[in-house]
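Visitor: For the record, the sequence lines run as chains C and P. Read in order, the letters of the first sequence are residues 64 to 179 in the numbering used here. Read in order, the letters of the second sequence are residues 261 to 370 in the numbering used here.
Treat the hints as calculated values from the structure; they're not laboratory data. One or more of the hints may lead you astray.
Computed spacing ranges between beta-carbons, pair by pair [to be verified]:
1) C:G79 x P:N324: 45 to 53 Å
2) P:K325 x C:E77: 45 to 53 Å
3) C:Q80 x P:D322: 43 to 51 Å
4) P:M344 x C:S70: 20 to 28 Å
5) P:S300 x C:S129: 27 to 35 Å
6) C:P117 x P:D322: 33 to 41 Å
7) P:S286 x C:G122: 15 to 23 Å
8) C:V116 x P:Q262: 22 to 30 Å
9) C:E167 x P:P278: 21 to 29 Å
10) C:P147 x P:G289: 36 to 44 Å
11) C:G79 x P:R301: 28 to 36 Å
12) C:S90 x P:Q262: 25 to 33 Å
13) C:H73 x P:L270: 23 to 31 Å
14) P:P278 x C:S70: 40 to 48 Å
Don't be surprised by glycine CBs; every beta carbon is placed ideally from N, CA and C.
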Amino acid sequence: DAGVIQSPRHEVTEMGQEVTLRCKPISGHDYLFWYRQTMMRGLELLIYFNNNVPIDDSGMPEDRFSAKMPNASFSTLKIQPSEPRDSAVYFCASSFFVSGGQGELFFGEGSRLTVL
Amino acid sequence: AQRVTQPEKLLSVFKGAPVELKCNYSYSGSPELFWYVQYSRQRLQLLLRHISRESIKGFTADLNKGETSFHLKKPFAQEEDSAMYYCALTRGSTLGRLYFGRGTQLTVWP
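Let the hints inform the model, and build the full structure from the sequences given.
Guide: Put into structure tokens, the structure is as follows:
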């Protein structure tokens, strides 16, 4: 398995443009997470899904952010319109249910977003 | 509310010296604690978890509920240990959400 696959690896865009980040989790994993990493705030959980259903989106900064998981092998994180303060590395991670505890998170390589 | 604190953003030691990366947490229930590591140009990956009570790459971490700490230790640091280390917590009864500290960048000098 190639692990969690994210695209694009790098994205440079101008303020006001729509940005779509994509993630393919590891096959068989039933949890998918979107994290954002910045120097100021570290790793923040934006949203996570269980069996394609959003469970907790309390970390999504505002309405400009949306995430979907139409099937078990694909998820998107969309920012519309983008702003310079959205510049960060966005990580996708997946895991599987472990009886009695938290399964290990497997991270993608991240998508580095720069909004000019 | 749950919180994970890593007081040191940067930590430098010489090869062969002991190293301790500090992690404190606040949570009133029974947490599960983890250490994740990110080596240069690699993915963030799990290093160890407290429930496993294992030693990985010479690192150990003991959960001290009295001091609410989960410090990561290694008696003899190696250059290849240089990386970013994140302490993380999940509420034991709740699957899914993992809370990360801000991370500590460890540099091991030759």
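Visitor: Confirm or reject each hint.
Guide: Hints versus structure:
1. C:G79 x P:N324: 45 to 53 Å: holds, 49 Å
2. P:K325 x C:E77: 45 to 53 Å: holds, 50 Å
3. C:Q80 x P:D322: 43 to 51 Å: About 48 Å separates the Cβ atoms of Q80 (chain C) and D322 (chain P), which means 43 to 51 Å holds.
4. P:M344 x C:S70: 20 to 28 Å: holds, 23 Å
5. P:S300 x C:S129: 27 to 35 Å: holds, 33 Å
6. C:P117 x P:D322: 33 to 41 Å: With Cβ atoms ~36 Å apart, the hint holds.
7. P:S286 x C:G122: 15 to 23 Å: holds, 18 Å
8. C:V116 x P:Q262: 22 to 30 Å: holds, 23 Å
9. C:E167 x P:P278: 21 to 29 Å: holds, 27 Å
10. C:P147 x P:G289: 36 to 44 Å: Holds, since P147 (chain C) and G289 (chain P) (Cβ atoms, about 39 Å apart) stay within the stated range.
11. C:G79 x P:R301: 28 to 36 Å: Cβ of G79 (chain C) to Cβ of R301 (chain P): about 32 Å, so the range 28 to 36 Å holds.
12. C:S90 x P:Q262: 25 to 33 Å: Since S90 (chain C) and Q262 (chain P) have Cβ atoms about 31 Å apart, the given range 25 to 33 Å holds.
13. C:H73 x P:L270: 23 to 31 Å: holds, 26 Å
14. P:P278 x C:S70: 40 to 48 Å: holds, 42 Å
The structure agrees with every numbered hint stated previously.
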